[in-house]
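Chemist: Knowing the structure of chain W, use the given hints to seat chains R and L on it.
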Amino acid sequence: MSTEVASPPTSNTPTTQILPLELIEKCIGSRIWICMKNEKEFVGTLLGFDTYVNIFLKDVIEYENTPEGTKQIKLEYILLNGNHVCLVIYRSSVIIID
Amino acid sequence: MSAVAPSTTSASGGAATSNNNNAQFNFFKMCIGRPVVVKLNNGVEYRGILEVVDGNMNIVMEQTEEYLNGQLKTKYGDCFLRGNNVLYISAQSKK
Amino acid sequence: MEKRDEGTIEEPLDLIRLSLDERIFVKMRQDRELRGKLHAYDQHLNMILSDVEETIRVVEKDEETDEEIVKSIKRKIKMLFVRGDGVILISPPLRSN
Numbered sequence: 001m002s003t004e005v006a007s008p009p010t011s012n013t014p015t016t017q018i019l020p021l022e023l024i025e026k027c028i029g030s031r032i033w034i035c036m037k038n039e040k041e042f043v044g045t046l047l048g049f050d051t052y053v054n055i056f057l058k059d060v061i062e063y064e065n066t067p068e069g070t071k072q073i074k075l076e077y078i079l080l081n082g083n084h085v086c087l088v089i090y091r092s093s094v095i096i097i098d
Numbered sequence: 001m002s003a004v005a006p007s008t009t010s011a012s013g014g015a016a017t018s019n020n021n022n023a024q025f026n027f028f029k030m031c032i033g034r035p036v037v038v039k040l041n042n043g044v045e046y047r048g049i050l051e052v053v054d055g056n057m058n059i060v061m062e063q064t065e066e067y068l069n070g071q072l073k074t075k076y077g078d079c080f081l082r083g084n085n086v087l088y089i090s091a092q093s094k095k
Numbered sequence: 001m002e003k004r005d006e007g008t009i010e011e012p013l014d015l016i017r018l019s020l021d022e023r024i025f026v027k028m029r030q031d032r033e034l035r036g037k038l039h040a041y042d043q044h045l046n047m048i049l050s051d052v053e054e055t056i057r058v059v060e061k062d063e064e065t066d067e068e069i070v071k072s073i074k075r076k077i078k079m080l081f082v083r084g085d086g087v088i089l090i091s092p093p094l095r096s097n
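Chains as they are written, first to last, in the UniProt record's numbering: chain W, 1 to 98; chain R, 1 to 95; chain L, 1 to 97.
Bound-form chain W, shown alone (with noise of 0.2 Å):
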């Protein structure tokens, strides 16, 4: 039972299962949305990507939120760091109620 699993790995059958990173990796060219641990997101051109998800993107707005209400900031290309990507959704996945 064992071998019969792992041996698809090994031909070259299509694997069935996605790794996350592949899935990111699908979105490089488009307009992507992260969301921070904090309040703070994020949407921009998926340029790059590494394996601690520190993502590069270009055309970026930041949206803060304040008490003031949702403040946004546009910037040409960011690296962000990482450490406090909560969430990575693929721009035209989203249905946005308002």
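If you're looking for bench data, these hints aren't it; they were derived computationally from the structure. From the three backbone atoms N, C-alpha and C, an ideal C-beta is built for every residue, glycine too. All the given hints hold, so there is nothing to weed out.
Some chain R residues close to chain W (C-beta under 7 Å, calculated; not the full set):
(1) F27
(2) V86
(3) L87
(4) Y88
(5) I89
(6) S90
(7) A91
(8) Q92
(9) S93
Distance condition first, Cα-Cα at most 20 Å in a straight line; then the derived EDC-like pairs of lysine to aspartate or glutamate:
(10) R:K75 to L:E33
(11) W:K40 to R:E45
(12) L:K37 to L:E22
(13) R:K75 to R:E51
(14) W:K37 to R:E45
(15) R:K75 to L:D31
(16) L:K71 to L:E53
(17) R:K73 to L:E33
(18) R:K29 to W:D59
(19) L:K78 to L:D21
(20) L:K76 to L:E53
(21) W:K40 to W:E64
Modeler: Relative to the frame of chain W, chains R and L by itself:
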């Protein structure tokens, strides 16, 4: 199962890493010697000329200005920022 | 490795290396600031400082008027070990070059 799965992980993950380290490397190369904005997790912003960065996101900047809530607080000639506090490094493309 | 030009900065920690035996400014978490002479450091930014002046900023709320009072508490310490994880920023004195 467990013996095989990690190997696929490292294969695809490794490829992704080399590409993306490149992307990061390009970003650093693009930014060095140019004005950048570094934002820390506590909300403080540092504007200055980027001198050097390492893998921990430790940063050295020149002519650094410290901004808190958009207000200039302090200036430093050279300054070292410890990477764990860094939220992002931001740059603008050449105009 | 050690033969490279002493004055150049190739990685961020080189700035700290160039500040050895100089007075540096260290900004720490929780509004703490240190000024002192740097004797030693490591890759975590653990540091040994001497003749340190520590400034702590404390915000106190006046119970009656609800006013916030910012207090700076200063003290001097002869020799100090700083644990690296509390460090936010290090600034050396102005370099001549």
